[in-house]
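When you get a sec, could you build the whole thing from the sequences and use the hints?
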Amino acid sequence: MSNLEDDLRIALRREEPAADFTERVLARLNQPAPAEPTWLERLAVLMRPPRLQWVAVAMIVSVVIPAATVEYRGERAKQQLLVAMRVTGTKLHQAQRKVVETGRMGTRL
Amino acid sequence: MALPAFADIVREHQGMVFSLAWHYLHDRALAEEMAQEVFLELYRHLGSIQSPEHLVFWLRKVASRKCIDQTRRRAFWPKFGLDDIPEPSAKTRQADPMLSGALAKLVASLPEKARMLVILRYQEDLDPSDIAQVLDMPVGTVKSHLQRALGVLRSKLARTVGEIAL
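Protein chains in written order, with our numbering: chain A, 1 to 109; chain Z, 1 to 166.
Be careful, since some hints might not be right.
[Said to hold, decoys possible] Beta-carbon label-pair distances, calculated as ranges: (1) PRO32/A - LEU46/Z: 15 to 21 Å; (2) VAL57/A - ALA29/Z: 31 to 37 Å; (3) VAL64/A - GLU112/Z: 52 to 58 Å; (4) GLN147/Z - THR69/A: 15 to 21 Å; (5) SER144/Z - ASP20/A: 37 to 43 Å; (6) PHE57/Z - ASP20/A: 25 to 31 Å; (7) VAL45/A - GLU112/Z: 28 to 34 Å; (8) ARG48/A - ARG44/Z: 26 to 32 Å; (9) ARG28/A - ASP125/Z: 29 to 35 Å; (10) GLY151/Z - ALA18/A: 31 to 37 Å.
[To be verified] Which chain A residues face chain Z? A few, computed with CB under 10 Å, are given here: (11) LEU8; (12) ARG9; (13) ARG13; (14) THR22; (15) GLU23; (16) ARG24; (17) ARG28; (18) ASN30; (19) LEU82; (20) MET85.
It should be emphasised that the hints constitute simulated quantities derived from the structure, not laboratory data. Remember, predicted model here, so these are calculated numbers, not experimental data. Just so you know, even glycine gets a beta-carbon here, dropped at the ideal spot from N, CA and C.
As structure tokens, then:
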């Protein structure tokens with residue numbers, strides 16, 4: 001066995017806790033179990049800093065992200081509608097030109 | 001179980017449980033708090049204890065688990081570095097309080113599992129197979145972790161105290 005192992009046994013030998021350790025354990029056993037906090041108390045805990053800051057951040061995130069998503073979707077739908085209207089306008093214009101040209105050719109014949 | 005009988009159990013094993021926590025956490029108040037929690041949990045589980053040997057095994061297992069959980073929960077790391085470890089005054093093989101203090105602090109600076117392995121091995125004098133049962137680890141892993149931890153301690157101690165014969 002190396003000296004290090006002997007030294008470790010000495011360094012890590014058992015030690016006793018404070019003299020009143022047992023009494024303190026027994027005192028904790030005799031304490032009544034803490035009552036379940038009411039919903040109002042739980043809410044009050046949430047309203048204490050720094051938790052309040054996290055609650056605020058969570059609320060902002062839960063409002064801003066859905067709102068931004070809705071706005072983004074609305075903007076995309078608007079763009080798609082404009083493109084569709086432009087395409088439709090172009091097609092209508094082309095169809096109108098064809099009709100006019102066909103009409104002219106018919107007149108000449 | 002009556003409280004006086006339970007008090008006897010606490011008195012008999014408080015040194016073991018407290019020392020596991022103290023050597024692991026290196027914070028006396030925290031170690032006492034944790035040791036108290038171990039005995040409170042024991043009181044709730046007394047019905048499942050089958051023998052005195054099982055009681056000792058149970059206490060070591062729960063104390064080890066609580067210590068490791070504590071470091072994970074609070075991201076605890078000992079608040080000292082190698083610079084804080086005092087230089088031993090003499091190169092002696094007697095129980096040198098400076099050397100013991102330095103070694104205890106070095107043990108407390110080991111990673112979680114390795115730290116508990118070393119404490120169970122040298123405080124409780126457990127074999128690798130017993131340690132494997134307490135920590136739910138394969139025996140081979142216990143042995144390799146122990147070897148590695150001893151190597152780390154040897155080199156750190158050599159750096160700390162210089163030419164002490166290891």
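The hints, checked one at a time:
For PRO32/A and LEU46/Z, the Cβ-Cβ distance of about 20 Å falls inside the hinted range of 15 to 21 Å, so the restraint holds. For VAL57/A and ALA29/Z, the Cβ-Cβ distance of about 33 Å falls inside the hinted range of 31 to 37 Å, so the restraint holds. Between VAL64/A and GLU112/Z the Cβ separation comes to about 40 Å, which falls outside the hinted range of 52 to 58 Å. The hinted window of 15 to 21 Å between GLN147/Z and THR69/A is violated, with their beta carbons roughly 56 Å apart.
Here the CB-CB span from SER144/Z to ASP20/A is close to 42 Å, well matched to the stated 37 to 43 Å. At roughly 27 Å, the beta carbons of PHE57/Z and ASP20/A sit within the given window of 25 to 31 Å. Our hint of 28 to 34 Å for VAL45/A and GLU112/Z holds, since their Cβ atoms are close to 31 Å apart. Between ARG48/A and ARG44/Z the Cβ separation comes to about 31 Å, which falls inside the hinted range of 26 to 32 Å.
Distance hint check: the CB atoms of ARG28/A and ASP125/Z are about 30 Å apart, consistent with the given range 29 to 35 Å. Separated by about 36 Å at the C-beta atoms, GLY151/Z and ALA18/A satisfy the suggested range of 31 to 37 Å. Taken as an interface hint, LEU8/A checks out: its beta carbon lies about 4 Å from the nearest beta carbon of chain Z, inside 10 Å. With a cut of 10 Å, the hint placing ARG9/A at the interface with chain Z holds, because the nearest CB-to-CB distance is about 5 Å.
Evaluation of the ARG13/A hint against chain Z yields a held restraint, the C-beta minimum of about 7 Å falling below 10 Å. The beta carbon of THR22/A is positioned within 10 Å of a beta carbon in chain Z (closest approach about 5 Å), and the interface hint is therefore held. Hint on GLU23/A holds. Least Cβ distance to chain Z is approximately 8 Å, under the 10 Å limit. This hint holds: ARG24/A has a C-beta 6 Å from the nearest C-beta of chain Z, less than the 10 Å allowed.
Restraint check, ARG28/A versus chain Z: the minimum CB separation of about 6 Å is within 10 Å; hint holds. Because the closest C-beta pair between ASN30/A and chain Z is about 8 Å apart, less than 10 Å, the hint holds. Given the 10 Å rule on beta carbons, the hint for LEU82/A is violated: about 53 Å separates it from the nearest Cβ of chain Z. Look at MET85/A: its Cβ only gets to about 58 Å from chain Z, farther than 10 Å, so that hint breaks.
In this structure, the earlier hints numbered 3, 4, 19 and 20 are contradicted, and the remaining ones agree with it.
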